[in-house]
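Engineer: Chain residues, written in single-letter form:
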Amino acid sequence: MELLSVTDLVKKFGDTNAVNGITFNIEEGRCVSLLGSNGAGKTTALKMLSGLLEPTSGSIYFQGTKQRDIRKYIGYLPQYPAFFNWMSGKEFLIFAAELAKVNRKEAEKRSEELLERVGLLDARKRKIGGYSGGMKQRLGLAQALIHRPKLLILDEPVSALDPLGRREVLDMMREIKQETTILFSTHVLHDAQEISDDILIMNNGEIAISGELETVMEQYRKPIIRIEFESAESLEWLNRIEIYSFVSVVNIQGNVASIELTDMEYGRQILLEEIVNQRLPIRKFELVQTTLEDLFMEVVKA
Amino acid sequence: MTQWSVLYRKEISEMIRNFKIIWIPLVFILLGVMQPVSSYYMPEILDNFGGLPEGAVIDIPVPTGAEVLIGVLSNYGMLGVLILVLSAMGVVSAERQNGAAGMVMSKPVPHSSYILSKWAGLVTITVLSLFIGYAASWYYTNLLFEPVAPELIFQSFAIYSVWLIFVLTLTLFFSTVMKGTGSVAFITILVVAVISTVTSIIENKLKWSPSTLTGHTGYLLQSGELQSSFLPAFLTTVALIFLFLIFTIQIFKHKEILE
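Taken in sequence, the protein lines are chains A and B. Our numbering puts the first sequence at residues 1 to 302. Our numbering puts the second sequence at residues 1001 to 1259.
Just chain B, with the same shape it has in the complex (with noise of 0.2 Å):
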């Protein structure tokens, strides 16, 4: 049994223990299943709240399937990324802090296989959380909409986990460097919302920004193909989820862990 399969045990158990490994996928299972049902009782929730005013008529479009399950994910882009952040913002940081972290480097662990170990407890509960809550928001898609392909399914959900791979190798990243929890999230939350705006802002020069991967997986579902520049996106994603976890590493090893 290697070091890193012991503490990425350790990881998961600690998830289940702490009801984690419930809470976040049903939070994702919400989020996703409040969009098609949301979209299909429109009229109903208007009527509802008042109604609109008499002689007021306004033409609700019935959205398609790809249009419904492309606001799901725009919602995980929001609130599951901040849910993600928020739950994965101590994850080194208060170990360190309460000396935990010592106890477990005191023993001839590898500086890689604690990270290691870490980054794929993230990972673990994101793609399940993810791919629970997506499953349900398709379910109800197709129940409620018009039904969408499962390849489409398939593919946009792995795209759009590599997104949130990014998003939780960030914040593994700040939450090695950085002290506070608290200010772990906000530094994770604002680096995401630059990239995303500035990419979005001058898109045509930043093709191979990861934050564009969300865009690609919308053009997915409505098109049902790939664009050019996915390639390079993705590529670029890639790379810098390897970097981040090397710098995350080479920090943490010459970090002083027992404070």
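Chain A extracted, bound-state conformation (with noise of 0.2 Å):
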């Protein structure tokens, strides 16, 4: 079923347009990443579902009909969650509940279940002031569950966290998937490509890609030789091999250089050959299937 659906989304900023009409849809269930590179417009459109910015102009659709404030199904993680550092963390919960309307004894309750949850049950009286960065993402993802929203969405939730924080936030939000639908933005992508059912792609305030991650990587995939130099020095030679009918693309960076075929038996051969006959110094040679960083790094690009 769907759950959301946006249609021509756009937000101008004085003469800029930061998202420039994009139109999705959600399906009720599902884990969506949001991807694009920094100034894509991805923020502007978490906080434009999440009623904390206007629309210039376009329309949401939550459940099948036309909403102005969708707010009360919606739980939100901004990407630097602010707290009032003098509350302590259930405090801060109920506070939060309470807002959304959940009722004193539900939010007490909830809290403690939701405390216990992102592992902040032993620092649950401790003044959020006092709490570290990873503390204060779980605090804000509890806080973002707390009124058991129908559309959770996340804005980079694991972008500023070291790997062990990242780690236990992205675990939680596997859990969370089970119940709720989620919809988060990152530009980590190998964390979207591991919890996420379907991508969307954002460019310069434009949604260039959109679907279900298997079936993007399916439609997008292209066989690619992947070769690894002991040094920086065989540059000359891949600029060369460029003007080959048989070679697409060439991408470097440092002493990997990733080349895409349009006849892999074909270059294959050719190519090994002239690393043979040139004696370049490889370290690897692969053949590989494109990822979903290569996929974004194309649609980037172009």
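Take every hint as true, because none was put in to throw you off.
Which residues of chain B face chain A? A few of them, derived with a C-beta cut under 8 Å, are:
#1 Gln1003
#2 Lys1010
#3 Asn1018
#4 Gly1102
If you're looking for bench data, these hints aren't it; they were derived computationally from the structure. Beta carbons: idealized from backbone N, C-alpha and C, even for Gly.
Using the hints, put the two chains back together into the complex; each one sits in its own frame.
Structural biologist: Listed below in structure tokens is the structure:
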């Protein structure tokens, strides 16, 4: 079932269009990741969905009906969650619950539940001012879930965390995914690939690619030869092979080159021969499939 | 429990935790008590600071109770207003800047509830501080000078509260419109000063100006009755408070909250 559907959403700041007419659907029960480089308009889009920013134009449908204010269905975690530092973690959760019209008794129960779930039960009476970045992020997740929202919107939930904190939040998201629809933005492609069902890739305020992760990957999958060199000296050779008709794109990152081929069999043969003939110092030569990262790079550079 | 009362309770507990609920009334008590005490001990104070030249005869008239209380209110009008504006300048702008307002508004909270809870919090601390400080100065005036009728105290307190509420409504307005907390205080003080100055220069034409309320409290204390121009001034002030609250809510609705 369709949970959220957005048509032609636009946000202008002065002359610039931060979000330039995006249209997409989110199915109930899915975990959707919103990808894009910095400044692509991800945060602006999420803010409009969570009611913090008024769209310049466009409409938002929730469960089939057009809505102006969908805040009661949504749990939102901003990129930099801010709290009242003088409150304790538990006080803040009860406060957030009551703002979402959960009654006091239920708020009390629900906040204990969530504190346990995000691993803050021991810190519940401490002032938020003394929490670490990871703890604040987890508290932010708890406050977003407090009123049992139908859609959880997370803006860069793991970007600011250390590897351990990232792992914790991702595990929590995987758990939450079982009961709630999630839309989260990230620029860590690995995370998107790991837990999302669908992806949306934004570029310059527009949606460049959207769809089920598997389908999108399948659709854009291309064979690639990845060569890792001992050093970055072989640049000259890489520039030369670009003119071959079976080579479509050469991407160079440090001493690793990704070469997209139109004819795999023939290309592999020729490239290997050249490497041997010219005594190029290679460390690795492998045939791989395009990853989400390659797809992302292609979209963003285009 | 409405969202307004949840937010209002948060405002009050915030003021308790950061001790605002103690220090602002303390400042008002200090400002209020200083006036009668310093008037009473003026001769001794002059003596202590080297006294007067030999042979100079200065006859300091003993002020009436009303005059002392007018002095107290004029202290509140200067330093009291300054303290109130400085303590209230970040009321919305600081929360908007650090993102806490965004956290609140991502819940289904009406924009009016947010602004009105802030306003109610400011009114509470202001009226409380004025009441305590004014009562303390009344006590010392009775003790050191002459008794002043309690009903006059209550009436002048009520009128003066309306003026202070007007000032803090302006502070709330600028705190919502502008970003930097320092500039909020500056602009508010400037606007209040301009209103007061312009009103005192062309007083006959601005009989309804909010700042005439301070003059009305003085007249009331001295004569025991209200001037005929009190009602228009009172009504204008209340109407302006109301209007500014509506503006504030509308502007808050259309601002990007999480910046």
